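K.L.:
Chains as they are written, first to last, in the numbering used here: chain Z, 687 to 806; chain H, 335 to 762.
It is possible that part of the hints are untrue.
Claimed, not checked - The following residues of chain H were derived to be distant from chain Z, with all beta-carbon distances above 12 Å:
1) L355
2) K461
3) T659
Said to hold, decoys possible - Quick list of the computed label-pair ranges, beta carbon to beta carbon:
4) Z/K761 <-> H/G708: 52 to 60 Å
5) Z/W796 <-> H/M656: 34 to 42 Å
6) Z/E784 <-> H/T513: 16 to 24 Å
7) Z/G733 <-> H/G708: 30 to 38 Å
Said to hold, decoys possible - Every beta carbon over 12 Å from chain H, so not counted as near; a handful from chain Z, in silico:
8) E727
9) L734
10) P750
11) K761
12) S774
The set of hints was computed from the structure by calculation and includes no laboratory data. On a predicted model such as this, the values are computed, not experimentally measured, just so you know. Every residue, glycine too, gets a C-beta built ideally from N, C-alpha and C.
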Amino acid sequence: MKYLLMIYGNQQKWSSLQAEDWPREIAKQDAYNKKYAATGELLGAYGLADAAASRLVTRKDGVPVLSDGPYLETKEYMASFYLVDVESEERAYELAAEMPWADQYPTEVWPILHESASDA
Amino acid sequence: MPDARTERVTDGTRRRIEGLLREFAPQVLGTLTRRYGQFDACEDATQEALLKAALYWPEHGIPHSPRGWLLTVASRVLIDEFRSDSSRRRREDAVYAATPQSELLGRPADSIADQDEAAPERDDSLKLLFLCCHPSLSVPSQIALTLRAVGGLTTAQIAAAFLVPEATMAQRISRGKATIESGGIRFEMPAGEARERLQAVQHVLYLIFNEGYTASSGENLTAPSLSDEAIRLTRLLRRLLPEDGETAGLLALMLLTDARRPARTLPDGTLVPLAEQDRTRWTSASIAEGVALISEALPRGAVGPFQLQAAIAAVHDEATTMEDTDWPQILGLYDLLQKVAPNPMTTLNRAVAVAMVHGPRAGLMVVESLESDGRMARNHRLLATRAHLRELAGDRDGAASDYRQAAQRTASVPERRYLIGRAAALDA
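In isolation and in its complexed conformation, chain Z is listed as follows:
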């Protein structure tokens, strides 16, 4: 069963961490990613760029039209997401709880309803 694990945050949360602590935090996350890639459960882990770098895109007359917002009203935006394929719902919760920051910030866990084969 596949699940999407999502971590949200905001500028305040990131700023609360000292610059010199980042390498250690990143190393923790890398270790987590390596561990679950090795078990064959982590399909992919993706960190997103700053919200300032994101764009809203619509199509007008067949061409993309970009804007800087407005975004949906959220206090937090998605910072990273992880695609996992695990044996059970319980296992997905286990992996989510093992995220390095899960003792302070929750991880959203969404079951994946459907997907397309990449080669179909």
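We have chain Z already, so just place chain H on it with the hints.
P.N.:
Using the frame of chain Z, we list chain H on its own:
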């Protein structure tokens, strides 16, 4: 780029070759592992031999002894592998010691190997199944390893069937093999715990079948049908253990379930519930085989859950309509099943049988007994069953609300579409 000669190879020949390779894969791997140990290296060597055959045979013809050819090529791959790795010197010695002189000197690739190898496959395929479904492996690893080592599928094919990246599937397989190596798991028939270990094998085959049966993705040319593969492997298990009633029951259950596949979905993927299926489209040959299997297995005693589920499926498959179905017999079988293997899903299915025999209210009372079960309270199947029974009892609002909630909770798109459709029909 294929040359003209390759292109002349017919699809029929390719299919025949693929079939032979998949059939011989576990025999070759089993023989190698028995001879040299080191399952991990033997498995790689077997895959490479299969690959070579897949390239060589279409052009040059199928060798006189396909199994001997594969065994010779795989042994050479294995020996080359050991030779190239000087740190494995000791293993190399072990291989040389175990290799007949004649083989080291080389012989025509298609000659039959020694008499021992030419003999039927001994118990190697069975040992291989036990090894791949060893309890120290995770279930996803058991499935992946079984499909590759016993099923002879490539990592890419298995990855495509489960819609995961090939690298992820490769990781599951290599992790499984590493667990076998590091755990010192022996390539032998499990003594003492044979029953539990066999149950693990049957469970893995059943999971593979279910994955194929419920998968929502359409025909995928690169991925073989997992339900077909599960049936093929269960046939193999039955050939190895003809006396085991549960193996016969599992095979019967798969055949009797798979027989309904042509009527189970519409061309656009919409699910058709059992009550509305066009029963003339069921595969009668599979039903006949399944019924024969279960009729033979049941009276022999030691009735297990697979046999009971197969018996239930057989009663359904033999009825020409939902109304014609022998519901009292189905209820009796569910009562037995609940005794042999109590499980909330069994109770839920039994609730439907109770409703068909004693009326929807009686069925609803059975469902109610499950609602306090934490595992089940949010389960979409409980909600869908309750919806169906409420509908039968004339509670349209309650049914529509249950169908909607069930639709929200299912992880299957066709199922969701079906449940929303039922809710909408009740609103009309």
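K.L.:
All hints, please: hold or fail.
P.N.:
Hints and how they fare:
At the 12 Å boundary, the C-beta of H/L355 stays outside the reach of chain Z, the nearest C-beta of that chain being 22 Å off. For H/K461, the non-interface assignment is confirmed: its Cβ lies about 24 Å from the closest Cβ of chain Z, beyond the 12 Å cut-off. Listed as outside the interface, H/T659 is consistent with that label: its C-beta sits roughly 32 Å from the nearest C-beta of chain Z, beyond the 12 Å cut-off. A C-beta distance of roughly 32 Å is found between Z/K761 and H/G708, which places it outside the suggested range of 52 to 60 Å.
Between Z/W796 and H/M656, the C-beta spacing of about 37 Å keeps the proposed range 34 to 42 Å intact. With their beta carbons about 20 Å apart, Z/E784 and H/T513 fall inside the hinted range of 16 to 24 Å. Checking the proposed 30 to 38 Å range against Z/G733 and H/G708 shows it holds: the Cβ atoms sit about 35 Å from each other. Once the 12 Å rule is applied to beta carbons, Z/E727 is inconsistent with being away from chain H; the minimum gap is 8 Å.
With a cut of 12 Å on Cβ distances, Z/L734 stays outside the contact zone with chain H, its closest approach being about 20 Å. At roughly 28 Å, the least C-beta separation between Z/P750 and chain H is larger than 12 Å, which holds for a residue marked as non-interface. With a cut of 12 Å on Cβ distances, Z/K761 stays outside the contact zone with chain H, its closest approach being about 26 Å. With 12 Å as the threshold on Cβ separation, the claim that Z/S774 sits away from chain H is violated: the shortest Cβ distance comes to roughly 9 Å.
The structure does not agree with the numbered hints 4, 8 and 12 stated previously, though it agrees with the rest.
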